[in-house]
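Next come the chains, spelled out residue by residue.
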Amino acid sequence: MAKLKLAVYWSASCGGCDVAILDIAERILDVVAIADVVFWPVAIDFKYKDVEAMADNSIDVCLFNGAVRNSEQDHIAKLLRAKSKALVAYGSCACFGGIPSLGNFNCRDEAFQRAYIEAPTNVNTDHLSPQTLTKVPEGELELPEYWDTVLALNQVVAVEYFLPGCPPPVELTNKVVDALASEQLPPAGTIIASDKSLCEECDRIKEDKKITRIYRPHEITPDRERCLLEQGLICMGPATRGGCGQRCIKANMPCRGCFGPPPRVIDQGAKMLSALASIYEANDEGAIARMLTEVVDPAGTFNRFVMSTSMLQRKRL
Amino acid sequence: MSFEPKIVGFMCNWCAYRGADLAGTSRMKCAPNVRTVRVMCSGRVDPQLVVKALQLGADGVLILGCHPGDCHYAEGNYKAARRIALLKKMLAQFGIEDERVRLDWVSASEGDRFKKIVNEITEQVRVLGPLSRNGAD
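Protein chains in written order, with the working numbering: chain A, 9 to 325; chain B, 4 to 140.
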């Protein structure tokens, strides 16, 4: 088998997914045995012009991590789409928007105002902020255009595979490596995770789903055996796709939903909100008011990783 | 021509829908802006449905159920009260005004109350204007 051409790109991302790829440790030798990496900005010195020079569909697999929120990322997403046979949305940001998509509660002007003007430690008396085009004596300087709205990869280009997770766990990345090596790729559109919710794979003891108080994670030390939701923590398990190996649960922390919604759930945030309100015991206005004070930030908590692909997508402009 | 709000109305089969029907058979005149969706219980109204209605073009959503204590299925309307209250808190963070989503109680004999609520929400949403579509494209 001729060596596969593999590309990796980071877009609006924290860099954790690139680290996660390397987390496969010595299996990276399996990867280089079967693949030539032709583009990987964080690791190897290929340039955009090298990608532009490639023939269409000459990259066998491109692992694209990060959301899309500026014109440069949009351009490279479209470029890599043209040059790649299979494009993988790698990680929650590429799949759903991820943490960067929490920026959809602001817009460009608000973000710039806060970052460049208002922030207490700024010294910026001229009130300068990044401009797309700036004239200098030598000519004109260009910066990517910063968008109001953060998008997931499949909202910009067609995507063959989705590997969720913040970051994707080693086992799932290995699954992709195995599929590549054996040339047995799953059907296009596959989400490479479980088809069930996290609750199905969670080992904890589940009894009666009835709570009278919601706790924030720092307020209690949960029992290690019992369901975290039953202990009053907001565990996103019921509204989250499984396949992560319940790694947060094993660390005695509630799930935050990084694998996105389970199959057939369109809006993870609304679904989790529904589940939580359903199990909370409050049948009068006073108790309901108390419940509302205990959920400090419903929009951010329930949509933490999925703002771009949620039904409302962003705060109204 | 003034803006005509599009409001989706989820009404429970046993109380609210019958109250709406009574308003109709009694020939009560009220604003025509509410599009009715009959559900068996207000507790069936999944928050995803409310969000989807807003995303697909509704300017407002009305959910009507039985009065507390009178739910045909005993507890469904309490569940609705909790879910819709939490949903409204979340929608506020999305910049969606409080008046656009309303949960209220209408019994089968309250045709006049149905008319009053429909007229109220229609005027409140008319004043707010169309829901901004910036997120939906």
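It should be emphasised that the hints constitute simulated quantities derived from the structure, not laboratory data.
A hint or two may mislead.
One side only, chain B facing chain A, incomplete, derived with CB under 8 Å [as the list claims (entries may be wrong)]: (1) S29; (2) M31; (3) V54; (4) A84.
Computed far set for chain B versus chain A, every beta-carbon distance over 10 Å [claimed, not checked]: (5) R30; (6) Q51; (7) G60; (8) D73; (9) K82; (10) R86; (11) K92; (12) E102; (13) E123.
A quick note: this is a predicted structure, and the numbers were derived from the prediction, not measured.
The beta carbon of each residue, even a glycine, is placed where N, CA and C say it ideally should be.
Structure-based check of all given hints:
1. S29: 31 Å, violated
2. M31: 29 Å, violated
3. V54: This interface hint holds because 5 Å falls under the 8 Å limit.
4. A84: Constraint on B:A84 satisfied, holds at 6 Å.
5. R30: The claim holds: B:R30 sits with its nearest Cβ about 35 Å from chain A, beyond 10 Å.
6. Q51: Label violated. Min Cβ-Cβ 4 Å, cutoff 10 Å.
7. G60: At about 13 Å from chain A, B:G60 clears the 10 Å cut-off, so the statement holds.
8. D73: 13 Å, holds
9. K82: Non-interface label fails for B:K82: nearest chain A Cβ at 6 Å, not farther than 10 Å.
10. R86: Since the minimum Cβ distance to chain A is about 4 Å, B:R86 lies within 10 Å and the statement is violated.
11. K92: Per Cβ check, B:K92 is inside 10 Å of chain A; nearest 5 Å; violated.
12. E102: Consistent with the label, B:E102 stays out of reach of chain A, its closest Cβ about 14 Å off (over 10 Å).
13. E123: At about 20 Å from chain A, B:E123 clears the 10 Å cut-off, so the statement holds.
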